[in-house]
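As you go down the protein sequences, you meet chains F and Z in turn. First residue of the first sequence: 1, per our numbering; consecutive thereafter. First residue of the second sequence: 1, per our numbering; consecutive thereafter.
Careful, some of the hints might be misleading.
[What the hints assert, rightly or not] Here are the computed lysine to any residue pairs in the SDA-like style, where the Cα-Cα straight-line distance is at most 25 Å: (1) Lys68(Z) <-> Ile48(Z); (2) Lys57(F) <-> Lys100(Z); (3) Lys57(F) <-> Gln2(Z); (4) Lys56(Z) <-> Gly94(Z); (5) Lys100(Z) <-> Glu99(F); (6) Lys5(Z) <-> Asn28(F); (7) Lys100(Z) <-> Asn28(F); (8) Lys68(Z) <-> Arg44(F); (9) Lys97(F) <-> Pro82(Z); (10) Lys70(F) <-> Thr15(F); (11) Lys71(Z) <-> Arg30(F); (12) Lys57(F) <-> Ser69(Z); (13) Lys100(Z) <-> Gln25(F); (14) Lys56(Z) <-> Ser69(Z); (15) Lys5(Z) <-> Lys53(F); (16) Lys71(Z) <-> Ala41(Z); (17) Lys100(Z) <-> Thr17(F); (18) Lys5(Z) <-> Glu99(F); (19) Lys100(Z) <-> Thr71(F); (20) Lys5(Z) <-> Val88(F); (21) Lys53(F) <-> Lys71(Z).
Think of the hints as simulated: they come from the structure by calculation, not from any bench.
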Amino acid sequence: DAGITQSPRHKVTETGTPVTLRCHQTENHRYMYWYRQDPGHGLRLIHYSYGVKDTDKGEVSDGYSVSRSKTEDFLLTLESATSSQTSVYFCAISRGKTEAFFGQGTRLTVV
Amino acid sequence: DQQVKQNSPSLSVQEGRISILNCDYTNSMFDYFLWYKKYPAEGPTFLISISSIKDKNEDGRFTVFLNKSAKHLSLHIVPSQPGDSAVYFCAALGNFGNEKLTFGTGTRLTIIP
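Could you put the whole structure together from the sequences, leaning on the hints where they help?
Okay, here's the thing in structure tokens:
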């Protein structure tokens, strides 16, 4: 398995609270991605990073921010969680024009 | 705007027969395509990929075909096995400078024993 770890694996939080999900890699891959998976929508890109401190928005970035201060860590923050952000979140890593490897996912429930 | 589309949400195939999963894309800047398989409660796993300079790539039971003029790719699984039952996603990378990996909505494949 690719060295990619997501934490936490499960989280329940209240509406309006901030939440941070962590993705950690040991592969030294340049690219890191955050996706959410929802029924009928597949995997939708939230934000991605192409290097330390280099990030860009995906198709569903509203309400989310990211940071990458080290190659190995990519953090996804929900500034003020809403029920519409209840989802399964996946992190992925890649060297570029090749396959990406995914973490096991984080199931987030906003109540 | 969905740039990668999988128009069949589900597909059922008899064991031993061929499974064909389809994917269409709209952005002509995409130049690398991938297929992923996903089981419940797990992350997606890579299956096979194809560069836009090719029109076919094989890996065991899996073959991906690319038709650039139609902006269409397909994944063939022969012969289909019960363990192939999963959700399949196609994905695309483009010549945008940074490797933004875009996925389709997925097709749930069920292999009938």
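For each hint, the structure was consulted:
A hinted pair counts as satisfied when its Cα atoms are at most 25 Å apart, and Lys68(Z) with Ile48(Z) qualifies at roughly 17 Å. Annotation: proposed proximity of Lys57(F) to Lys100(Z) holds, straight-line Cα distance about 9 Å (limit 25 Å). Distance hint between Lys57(F) and Gln2(Z) is fulfilled; the C-alpha atoms sit about 15 Å from each other, no more than 25 Å. Straight-line distance between C-alpha atoms of Lys56(Z) and Gly94(Z) comes to about 18 Å, which keeps the hinted pair within the 25 Å bound.
Straight-line distance between C-alpha atoms of Lys100(Z) and Glu99(F) comes to about 12 Å, which keeps the hinted pair within the 25 Å bound. The straight-line distance between the Cα atoms of Lys5(Z) and Asn28(F) is roughly 31 Å, outside the 25 Å bound, and the hint therefore fails. Restraint check for Lys100(Z) and Asn28(F): the C-alpha separation of about 18 Å stays at or below 25 Å, so the hint holds. Pair hint Lys68(Z) plus Arg44(F) holds up; C-alpha atoms about 24 Å apart against a cutoff of 25 Å.
Between Lys97(F) and Pro82(Z) the CA atoms are separated by roughly 31 Å; this puts the pair beyond 25 Å, and the hint is violated. Restraint check for Lys70(F) and Thr15(F): the C-alpha separation of about 30 Å exceeds 25 Å, so the hint is violated. For the hint linking Lys71(Z) to Arg30(F), the alpha-carbon distance of about 28 Å lies beyond 25 Å, and the restraint is violated. Using a Cα cut-off of 25 Å, the hinted pair Lys57(F) and Ser69(Z) is violated, with the two alpha carbons roughly 29 Å apart.
For the hint pairing Lys100(Z) with Gln25(F), the CA-to-CA distance comes to about 18 Å; that is within 25 Å, so the pair holds. Distance restraint check for Lys56(Z) and Ser69(Z): the Cα-Cα separation of roughly 14 Å lies within the 25 Å cut-off, and the hinted pair is therefore satisfied. Using a Cα cut-off of 25 Å, the hinted pair Lys5(Z) and Lys53(F) is violated, with the two alpha carbons roughly 31 Å apart. A threshold of 25 Å between alpha carbons decides the hint, and for Lys71(Z) with Ala41(Z) the separation of about 31 Å lies outside it, so the pair is violated.
Annotation: proposed proximity of Lys100(Z) to Thr17(F) is violated, straight-line Cα distance about 29 Å (limit 25 Å). With a C-alpha separation of about 19 Å, the suggested pairing of Lys5(Z) with Glu99(F) holds against the 25 Å cut-off. Proximity of Lys100(Z) to Thr71(F) is assessed by CA-CA distance (about 17 Å); at most 25 Å being required, the pair is judged to hold. A hinted pair counts as satisfied when its Cα atoms are at most 25 Å apart, and Lys5(Z) with Val88(F) qualifies at roughly 21 Å.
Taken as a hint, the Lys53(F) and Lys71(Z) pair is broken in the structure, with Cα atoms around 34 Å apart against an allowance of 25 Å.
The structure fails hints 6, 9, 10, 11, 12, 15, 16, 17, 21 (numbered hints given earlier, in ascending order).
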